[in-house]
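*Asks:* Residue-level listing of the chains:
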Amino acid sequence: MNNHRIATSVIGSYPVSINNMDFMSRYFTQKEINWNIYISSAVQDMTQAGIDIVADGQTRDPFIQLFTRKLKGCRIRDRTEIHEPIEYVQPITITDQQFARSLLSSQSQLKGVLTGPYTLTKSCVDLFYHNEKELAFAFAHALHQEAQALLPFVDFISIDEPFFVNECPEYAKELLLTITKGLSCPTLLHACGDIVPVIPALLEMPVDILSHEFKASPHLLNAFKEYSFPHHFCVGAVRSDSTEVEPVQEIVDHVKKACDLFEDKILQISPDCGQRLLPRTVAYQKLQHLVQAGRIING
Amino acid sequence: MFSFTTEQQTMHISDITIGGQPGQYPTVLFGGLFFSGQPNFPKAKQQLTTMLSLSKKTGIPTIPDFFIRKEEVIEQILDFIQTTLPQTHPFSVDIIEPSIKIKTLEALASRNLLKRTIYNSIHIGIKEEEQEALRRFTPEMVILVAFNPKDKSPDGKIEVIENSAYLLDKGLLELTKDLGFTNILIDTAALAPGDNSGAAIAAIPVIKEEYGLPTGCAIHNVVEKSTWLQQYPSAKKFVDAASNMTIPLFGGDYAIFGPLHQAELVIPIIAWQDILLSEYVEEYFGIQPSETHPRRKLG
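Protein chains in written order, with this note's numbering: chain A, 3 to 301; chain B, 332 to 630.
No lab work stands behind these hints, which were simulated from the structure alone.
Don't take each hint at face value.
[As the list claims (entries may be wrong)] Quick look at which bits of chain A chain B covers, simulated, 3 or more residues with Cβ under 8 Å: (1) 56 to 68; (2) 72 to 82.
[To be verified] A short, non-exhaustive set of chain B residues, derived as facing chain A with CB atoms under 8 Å: (3) His-454; (4) Phe-478; (5) Asp-482; (6) Pro-536.
Here the structure is a predicted model, which is why all the values come from computation and not from measurement.
We treat Cβ as the ideally placed atom computed from N, Cα and C, and that holds for glycine.
Construct all of the structure, not just a fragment, from the sequences and the given hints.
*Replies:* Next up, the structure:
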């Protein structure tokens with residue numbers, strides 16, 4: 003094994019039990035909505051499990067609406083509709099990240115998570131630009147402002163681009179550079195699914211760390227053997243699409259295989275993807291096992 | 332004044348019609364009883380007599396809205412309804428606590444009162460037990476409260492109707508229809524001053540244009556929560572009553588005007604507003620007032 007320490011991390015979302023009746027009671031008594039209890043719940047699970055790099059849990063919304071809700075030009079319907087120019091008019095995740103940071107000890111680190119511009123573009127109905135590339139860059143410019151606003155509060159910024167699995171557009175590098183240009187913290191690109199066809203494109207991306215779903219798609223390790231890689235890696239080590247909790251030894255064996263290939267380029271291990279759709283107890287156990295596996299690997 | 336471009340539905344309960352184009356049918360008024368939780372039946376009887384008499388005189392349909400706060404008063408309130416209200420007159424039951432809602436539905440069914448009942452209300456706090464009770468005992472009409480804890484703007488209200496803002500597994504409108512309701516009123520969820528209170532009024536034409544459903548709100552809640560108005564105690568009850576005028580002015584179909592003792596002020600104000608409105612829309616859009624419209628009561 004290598005001497006460097008591999009950190010445990012998460013991708014972003016985490017399951018919480020939302021109390022809708024509490025919202026309604028607050029409506030009937032005209033009291034303010036309190037979302038911090040849900041952020042606390044997610045962050046506390048991550049820290050109690052022993053995760054080194056946590057996130058705010060993205061508890062407020064699915065990852066598309068989390069961003070489109072606060073960007074001018076977006077109108078949430080069945081799918082988000084773009085009806086005016088995209089404009090960054092207010093912080094999107096800053097308040098939640100600030101609160102998440104206040105819950106952490108000095109040993110823990112925080113990951114800010116941005117839903118990527120291409121994924122936002124592909125998930126919205128474009129009633130204004132009628133041009134995919136233009137819309138994607140409008141999102142990217144807005145996300146750059148959010149990324150800059152995140153810098154005082156987070157240690158990493160991750161860009162979540164699941165749509166890259168289907169298609170990595172020819173302007174993808176320029177698109178991500180629009181966000182990451184000038185950022186002073188390490189950046190990640192998270193693209194889940196079977197990314198084999200787009201690996202060459204991903205290796206061009208202007209980020210520090212590539213984060214992929216290696217546990218559900220272990221053949222990715224073989225696929226990466228074909229290339230040399232300038233990036234560091236965050237290796238998916240427990241599945242996010244299965245309620246079966248992986249035994250610690252299974253995770254250790256998986257990460258060791260990844261270490262054989264990536265060597266000291268592995269900086270983080272994490273779940274394959276966001277854990278939002280898992281039952282909370284399962285999500286928590288997976289994080290606990292991930293942490294135990296990390297301790298064994300780090301020796 | 333304006334007219335909607337989409338077809339406007341009308342909902343019927345007993346001999347009261349709610350909905351349609353502005354000026355077509357009179358604004359329906361809901362007056363509240365027993366808000367404190369402890370019914371005062373003699374006082375309530377007197378107030379109901381006044382309300383029904385004014386309703387007959389002006390042509391403004393009125394519906395008592397019974398707050399039921401404790402299980403032990405359910406039977407007493409239903410006894411009162413059966414002995415005091417005219418035999419087919421509709422009424423609404425306004426209940427927050429889900430367990431009391433379920434008990435009241437059972438009691439209404441056992442007394443054959445469901446055909447006269449408006450269920451106030453369905454919202455994102457609904458749980459499976461309440462849904463099950465509503466499938467078995469479906470009142471004639473329902474109020475759907477479009478409160479969105481994530482977005483208090485008119486768009487947010489549309490979102491909760493469409494997809495429950497992702498807090499339930501389907502939209503509130505679809506859920507309400509699935510439960511067996513065909514007579515659906517939308518309540519735009521009035522909020523306290525400073526908390527996007529204007530959105531409840533602004534949302535009325537937006538929702539009517541989008542869905543064509545009868546729409547209104549309890550603008551009284553805004554007045555009730557105003558600390559600013561406390562400086563003008565002698566004006567408060569007039570402001571409270573007059574605020575209801577904004578509902579028909581913005582194309583709304585009904586107002587939940589607060590305590591029933593305000594009926595003497597609110598009913599003539601709304602009748603006056605409806606008369607003027609009817610004159611405008613007949614002149615511009617050719618919309619004839621219904622046979623029982625307050626304008627027909629002019630000498």
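*Asks:* Establish whether the coverage given for the region 72 to 82 of chain A by chain B is satisfied; the threshold is a Cβ-Cβ distance below 8 Å, and no fewer than three residues must meet it.
*Replies:* This one holds; 4 residues, not fewer than the three required, reach chain B with a Cβ under 8 Å.
*Asks:* Let's test the interface hint: is any C-beta of chain A closer than 8 Å to that of His-454 (chain B)?
*Replies:* holds, 5 Å
*Asks:* Can you tell me if the region 56 to 68 of chain A counts as covered by chain B, using C-beta to C-beta distances under 8 Å and a minimum of three residues?
*Replies:* As far as the region 56 to 68 of chain A goes, the hint holds, because 4 residues have Cβ atoms under 8 Å from chain B.
*Asks:* Given Asp-482 (chain B) as an interface hint, is its Cβ closer than 8 Å to any Cβ of chain A?
*Replies:* Holds. Min distance 6 Å.
*Asks:* Classify the hint on Pro-536 (chain B) as holds or violated, based on whether any CB of chain A lies nearer than 8 Å to its CB.
*Replies:* Given a least distance of 16 Å, the restraint on Pro-536 (chain B) is violated.
*Asks:* Does the CB of Phe-478 (chain B) sit less than 8 Å away from some CB of chain A?
*Replies:* holds, 5 Å
Checked against the numbered hints above, the structure breaks only hint 6 and satisfies the rest.
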